[in-house]
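*Asks:* If you want the building blocks of each chain, they are given just below.
2 protein chains.
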Amino acid sequence: MTMAQVSSAAEARISSDQLYLDDLHAGQRFTSGTYRLDVAQIKAFALQFDPQPFHTDEHAAERTFFKGLAASGWHTAAITMRLNVESGPPLAGGFVGAGGELSWPAPARPGDVLHVESEVVEVTPSRSRPDRGTIVLLSRTINQRGDIVLIQKAKLVVPRKVAA
Amino acid sequence: MTMAQVSSAAEARISSDQLYLDDLHAGQRFTSGTYRLDVAQIKAFALQFDPQPFHTDEHAAERTFFKGLAASGWHTAAITMRLNVESGPPLAGGFVGAGGELSWPAPARPGDVLHVESEVVEVTPSRSRPDRGTIVLLSRTINQRGDIVLIQKAKLVVPRKVAA
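Residue numbers (this note's numbering), protein chains in the order written: chain A, 1 to 164; chain B, 165 to 328.
Each hint should be verified, as a subset may be incorrect.
A partial selection of chain B residues facing chain A, derived with a Cβ cut-off under 8 Å [unchecked claim]:
| id | residue |
| --- | --- |
| 1 | Y184 |
| 2 | A242 |
| 3 | V249 |
| 4 | G263 |
| 5 | W268 |
Since the hints were made in silico from the structure, they are not lab data.
Just so we're clear, the structure is a prediction, and the values are computed from it rather than from any experiment.
Positions of the beta carbon are idealized from the N, C-alpha and C atoms, including for glycine.
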């Protein structure tokens, strides 16, 4: 069973409505839609937030650590957020991050078609706030060749049903 | 002695040239320039990468977890990158991140004037690659009231002088 099939099965079992903390459990998986990354997007993001030659100039990028134009890691993270918000787990209250860990095993490149595979790895009701809790969501952002361009372990605040 | 004074002293001691791994040591501190965040920037970033009401709509944001318009955490991270690239430690080879941890203790809001205070906390030459190593850089992104809006511990790849 592929991760996509696991995810579809999981999605079929759960409501299409928003997910509260009470609806979530470790092992639940979700697969996002796709996002196509191009040269213009890479340069536009980099000029605004990460103006370094390996993100802004194909020719200069050849002579750098990246050996060619690469998306800013923050651009990859931002695209991952968009994919999760639009087609990841439909969390009640939205994606509210408290923090997390991330790594970029490979750079995202022009022409990459990215999607996100996410898994709930922890669900923790708050001891002091009965209306909420946190989950840890492990997301992998993957290109069309199966290369992982971002691994992210995010701690998210999720409301409980009692609050609804 | 404030952190800004420590930083200025540190900057005065080091060359204005690019810093190689060999130039870096735990305890070195750097303070960036500033970046003013406004409503239009918050909405523009969010519409592109994090389209949730608390980042795109002042009125809807009032009734959410954030109780008012807040910048996407990825926007805050991207601004932090820009401040570090433009006016943080002048790393030889630029800012090349392998990964890290981040947390958002408070949201960044419209009108915030942000700066970044960074400290080198680890310097590790590579065992297998004599031309490089890694550092861990702890960065705090701080607004004009002293609220910390992002804490980031980044593992960065830095070339050694032997490679120059």
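*Asks:* What hints, given by number in increasing order, does this structure fail?
*Replies:* 1
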